[in-house]
Amino acid sequence: MKLFEFEAKDILRKYGLQTPSGSIARDPVEVEIVAKRLGKPVALKAQVLVSGRGKSGGIQFADDVGEAKKAAIYLIGSHIKGNVVRSLLVEEKLSIVDQYYASITIDRQARRYVVLASTNGGVDVEETALTSPNRISRYWVDPATGFNEETAKATVAQFSFNGDRDITEFASVIATLYRVAMDYDAELVEINPLAKTSSGEFIAADARIVLDDNALFRHPEFEDRGSAGMDDNPREAEAKRQNLAYVDLSGDIGIIGNGAGLVMATMDLVHLLGGRAANFLDIGGGAQPEVVGKGLMLVMSKPGVKAVLINILGGITRCDLAARGIIGGLSEVADEKPVAVRLMGTNDEVGREMLRLAGIPVYPDMETATKKVIGWVKR
Amino acid sequence: MMSLKSIVDESSKVMVQGITGNEGRFHTEAMLQYGTKLVAGVTPGKGGEQVCGIPVYNTVAEAVSYHGVDTSIVFVPARFARGAAIEAIEAGLRMIVVITEMIPQKDSIEFIAMADKRGTVIIGPNTPGIIVPPKKMKVGIMPSQFFKPGVVGVVSRSGTLTYEIALHISNAGLGQSACLGIGGDAIVGLDFIKVLEMFREDEETRSVVLIGEVGGTAEETAARYISETKYPKPVVAYIAGRSAPPEKRMGHAGAIVMGNMGTAQSKIDAFIAAGVAVADKPSDIVKLLGTVNI
Numbered sequence: 088m089k090l091f092e093f094e095a096k097d098i099l100r101k102y103g104l105q106t107p108s109g110s111i112a113r114d115p116v117e118v119e120i121v122a123k124r125l126g127k128p129v130a131l132k133a134q135v136l137v138s139g140r141g142k143s144g145g146i147q148f149a150d151d152v153g154e155a156k157k158a159a160i161y162l163i164g165s166h167i168k169g170n171v172v173r174s175l176l177v178e179e180k181l182s183i184v185d186q187y188y189a190s191i192t193i194d195r196q197a198r199r200y201v202v203l204a205s206t207n208g209g210v211d212v213e214e215t216a217l218t219s220p221n222r223i224s225r226y227w228v229d230p231a232t233g234f235n236e237e238t239a240k241a242t243v244a245q246f247s248f249n250g251d252r253d254i255t256e257f258a259s260v261i262a263t264l265y266r267v268a269m270d271y272d273a274e275l276v277e278i279n280p281l282a283k284t285s286s287g288e289f290i291a292a293d294a295r296i297v298l299d300d301n302a303l304f305r306h307p308e309f310e311d312r313g314s315a316g317m318d319d320n321p322r323e324a325e326a327k328r329q330n331l332a333y334v335d336l337s338g339d340i341g342i343i344g345n346g347a348g349l350v351m352a353t354m355d356l357v358h359l360l361g362g363r364a365a366n367f368l369d370i371g372g373g374a375q376p377e378v379v380g381k382g383l384m385l386v387m388s389k390p391g392v393k394a395v396l397i398n399i400l401g402g403i404t405r406c407d408l409a410a411r412g413i414i415g416g417l418s419e420v421a422d423e424k425p426v427a428v429r430l431m432g433t434n435d436e437v438g439r440e441m442l443r444l445a446g447i448p449v450y451p452d453m454e455t456a457t458k459k460v461i462g463w464v465k466r
Numbered sequence: 183m184m185s186l187k188s189i190v191d192e193s194s195k196v197m198v199q200g201i202t203g204n205e206g207r208f209h210t211e212a213m214l215q216y217g218t219k220l221v222a223g224v225t226p227g228k229g230g231e232q233v234c235g236i237p238v239y240n241t242v243a244e245a246v247s248y249h250g251v252d253t254s255i256v257f258v259p260a261r262f263a264r265g266a267a268i269e270a271i272e273a274g275l276r277m278i279v280v281i282t283e284m285i286p287q288k289d290s291i292e293f294i295a296m297a298d299k300r301g302t303v304i305i306g307p308n309t310p311g312i313i314v315p316p317k318k319m320k321v322g323i324m325p326s327q328f329f330k331p332g333v334v335g336v337v338s339r340s341g342t343l344t345y346e347i348a349l350h351i352s353n354a355g356l357g358q359s360a361c362l363g364i365g366g367d368a369i370v371g372l373d374f375i376k377v378l379e380m381f382r383e384d385e386e387t388r389s390v391v392l393i394g395e396v397g398g399t400a401e402e403t404a405a406r407y408i409s410e411t412k413y414p415k416p417v418v419a420y421i422a423g424r425s426a427p428p429e430k431r432m433g434h435a436g437a438i439v440m441g442n443m444g445t446a447q448s449k450i451d452a453f454i455a456a457g458v459a460v461a462d463k464p465s466d467i468v469k470l471l472g473t474v475n476i
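One line per chain: the protein sequences are R and F, in this order.
Residue 88 is where the first sequence starts when you use my numbering, and the numbers rise one by one after that.
Residue 183 is where the second sequence starts when you use my numbering, and the numbers rise one by one after that.
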């Protein structure tokens with residue numbers, strides 16, 4: 088779950104890190120109030136869950152209250168990379184001397200949290216890795232020993248700073264970030280840029296936190312935050328509520344199967360044979376008829392779906408139950424579309440017979456079923 | 183070096199953690215039917231019960247001391263999986279198969295690091311487990327009807343897709359020497375390279391099928407290993423998710439393209455550069471195995 092910048096900064100402040108003075112504002116009047124209170128040039132930052140917001144015009148600067156209000160009128164309600172801007176973070180404009188970078192993320196290959204620190208902030212860290220790798224320091228954390236102020240100092244020691252104070256400040260920031268990552272089960276905690284101001288303070292000018300969805304049971308305050316679906320469309324949000332793995336795609340053939348790899352392979356086969364997938368639905372293992380039925384209804388509810396391909400290779404999933412779910416789901420769909428089913432595995436003979444009696448074409452292998460569906464859609 | 187025999191063989195004494203749940207019961211029966219030497223189960227608070235005639239204990243330590251258990255398969259719910267895994271690691275088991283999905287990554291990182299230090303092999307999380315058809319032995323949830331004893335070693339990040347491909351291999355009369363799912367999560371224990379090492383040393387295995395998918399760089403690393411070690415057995419790869427959009431999790435927690443990282447094309451290119459044949463679709467794998475001269 089991605090958190091908004093203002094939520095991420097709320098968390099960082101709880102841990103004693105500095106962020107620019109400011110507040111969230113939801114309309115131009117609130118923006119005016121905040122800008123007036125700050126009484127100096129401000130930055131207006133669109134609160135959207137996409138990266139590269141700055142390049143898309145999502146950050147505006149204003150020298151006075153009038154300018155701030157004008158920028159707010161322009162920004163609120165506008166779209167940034169398809170996301171509507173509902174609120175702005177209005178902050179004092181910092182007088183920045185240096186821009187640094189700090190993050191905690193997960194290295195899949197190393198199976199470790201990795202601390203990344205760089206003296207090249209304000210740009211993509213991937214870019215720094217390519218252009219000036221000596222300006223990045225990495226530390227892979229052994230979960231048994233953790234990451235503290237001392238290891239943090241060692242991590243930034245390679246950088247040349249003017250004096251010990253900067254080293255201590257930077258180290259303190261990354262050690263704190265690690266605590267945030269652990270306490271919140273974060274996949275990513277990032278400050279970019281970490282601004283050093285003219286008065287020598289280290290301030291989190293921008294912040295991103297991504298929580299591990301699988302750990303939300305430990306963080307009930309986010310579980311029902313209501314914004315879970317903010318970066319999803321309505322069908323993806325509905326699927327999440329039903330605990331289904333669903334992804335919207337841009338074609339016209341709905342794809343359902345049991346098991347992520349098999350559904351991906353089915354989707355790829357559709358593409359390979361000249362069709363285009365409209366969506367992706369993994370009903371998982373051992374699905375009950377209701378799950379199959381609801382899944383089918385969800386897949387068919389997408390506008391532009393002309394036919395549906397269902398690929399079930401039943402192990403734990405019983406083919407007779409899957410067949411019952413397909414028949415049940417179809418009976419509840421008002422605008423029924425043709426369905427081709429590949430059904431094989433546990434109890435497949437019973438399942439196939441059920442489908443045949445219901446007039447639903449069923450095939451023993453995925454290629455035959457895929458070719459049929461593509462043929463229907465192209466006709 | 184780790185060998186297939188060192189993690190699972192006829193002498194493996196298997197325990198089921200979470201044996202009294204629905205999944206635990208179902209797969210206990212299936213494993214017993216297949217021929218696995220399953221000797222004990224653990225569910226805290228259910229000690230003294232039996233499942234399919236198998237005694238249930240409250241703790242791993244009891245199961246180990248009464249039955250000499252050295253292998254575990256974990257079905258406990260995600261929020262308790264970390265504790266279950268740590269209990270099994272501390273009991274000194276040689277292998278733990280973690281079937282549970284949706285385990286927090288922080289937990290997986292922690293117990294996998296602990297297992298590495300203790301010399302315990304973790305398969306998974308979010309894996310179908312391991313099946314060794316020539317030995318009629320499985321520590322996993324795969325439906326045994328799709329597998330036949332044979333000569334192809336299969337390693338995969340997926341479940342049902344592995345069954346699909348195993349079925350093609352079985353129907354072609356080749357059969358499998360072993361099939362091992364490394365897990366669909368971003369953080370997993372045993373990786374492609376370790377399994378490739380095992381298949382290299384395994385006499386039954388004459389060729390290897392590697393089933394990857396979008397997300398991460400495990401396939402690229404495996405390709406580099408194959409090329410750098412001049413891997414002596416033919417390898418055929420298949421990558422799922424060629425048409426997957428970026429930034430979307432495709433069912434598996436680990437199946438996500440981030441920026442330019444983890445694309446199917448990058449993996450396919452890496453395998454081709456390493457001289458590994460890459461199948462366009464699951465049914466092509468058998469044809470490619472035919473051409474690589476087993």
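Since the hints were made in silico from the structure, they are not lab data.
We put the CB at the ideal spot given by N, CA and C, even for glycine.
Treat each hint with caution, since some may be false.
Dumping the calculated DSS-like pairs for lysine-lysine here, alpha-carbon to alpha-carbon at most 27 Å [to be verified]:
id	chain 1	residue 1	chain 2	residue 2
1	R	Lys-142	F	Lys-187
2	F	Lys-463	R	Lys-465
3	R	Lys-459	R	Lys-327
4	F	Lys-469	R	Lys-458
5	F	Lys-430	R	Lys-327
6	F	Lys-228	F	Lys-317
7	R	Lys-389	F	Lys-430
8	R	Lys-240	R	Lys-142
9	R	Lys-127	R	Lys-89
10	F	Lys-330	F	Lys-430
11	R	Lys-458	F	Lys-195
12	F	Lys-430	R	Lys-168
13	F	Lys-376	R	Lys-459
14	R	Lys-459	F	Lys-317
15	F	Lys-463	R	Lys-393
16	R	Lys-89	F	Lys-430
17	R	Lys-127	R	Lys-142
18	F	Lys-469	R	Lys-393
Label pairs and their in silico Cβ distance ranges [unchecked claim]:
id	chain 1	residue 1	chain 2	residue 2	range
19	F	Asp-298	R	Pro-451	52 to 58 Å
20	F	Asp-298	R	Asn-221	49 to 55 Å
21	F	Asn-204	R	Ala-445	46 to 52 Å
22	F	Val-333	R	Glu-236	54 to 60 Å
23	R	Lys-142	F	Asp-451	25 to 31 Å
24	F	Ala-243	R	Gln-196	53 to 59 Å
25	F	Glu-211	R	Leu-359	48 to 54 Å
26	F	Ala-295	R	Ser-143	29 to 35 Å
27	F	Asp-451	R	Arg-266	53 to 59 Å
Hints versus structure:
no.	hint	in the structure
1	R:Lys-142 <-> F:Lys-187	violated (55 Å)
2	F:Lys-463 <-> R:Lys-465	holds (21 Å)
3	R:Lys-459 <-> R:Lys-327	violated (30 Å)
4	F:Lys-469 <-> R:Lys-458	holds (20 Å)
5	F:Lys-430 <-> R:Lys-327	holds (13 Å)
6	F:Lys-228 <-> F:Lys-317	violated (32 Å)
7	R:Lys-389 <-> F:Lys-430	holds (18 Å)
8	R:Lys-240 <-> R:Lys-142	violated (33 Å)
9	R:Lys-127 <-> R:Lys-89	violated (31 Å)
10	F:Lys-330 <-> F:Lys-430	violated (35 Å)
11	R:Lys-458 <-> F:Lys-195	violated (46 Å)
12	F:Lys-430 <-> R:Lys-168	holds (16 Å)
13	F:Lys-376 <-> R:Lys-459	violated (41 Å)
14	R:Lys-459 <-> F:Lys-317	violated (40 Å)
15	F:Lys-463 <-> R:Lys-393	holds (24 Å)
16	R:Lys-89 <-> F:Lys-430	holds (13 Å)
17	R:Lys-127 <-> R:Lys-142	holds (24 Å)
18	F:Lys-469 <-> R:Lys-393	violated (33 Å)
19	F:Asp-298 <-> R:Pro-451: 52 to 58 Å	violated (44 Å)
20	F:Asp-298 <-> R:Asn-221: 49 to 55 Å	violated (30 Å)
21	F:Asn-204 <-> R:Ala-445: 46 to 52 Å	violated (29 Å)
22	F:Val-333 <-> R:Glu-236: 54 to 60 Å	holds (56 Å)
23	R:Lys-142 <-> F:Asp-451: 25 to 31 Å	holds (29 Å)
24	F:Ala-243 <-> R:Gln-196: 53 to 59 Å	violated (34 Å)
25	F:Glu-211 <-> R:Leu-359: 48 to 54 Å	violated (39 Å)
26	F:Ala-295 <-> R:Ser-143: 29 to 35 Å	violated (40 Å)
27	F:Asp-451 <-> R:Arg-266: 53 to 59 Å	violated (40 Å)
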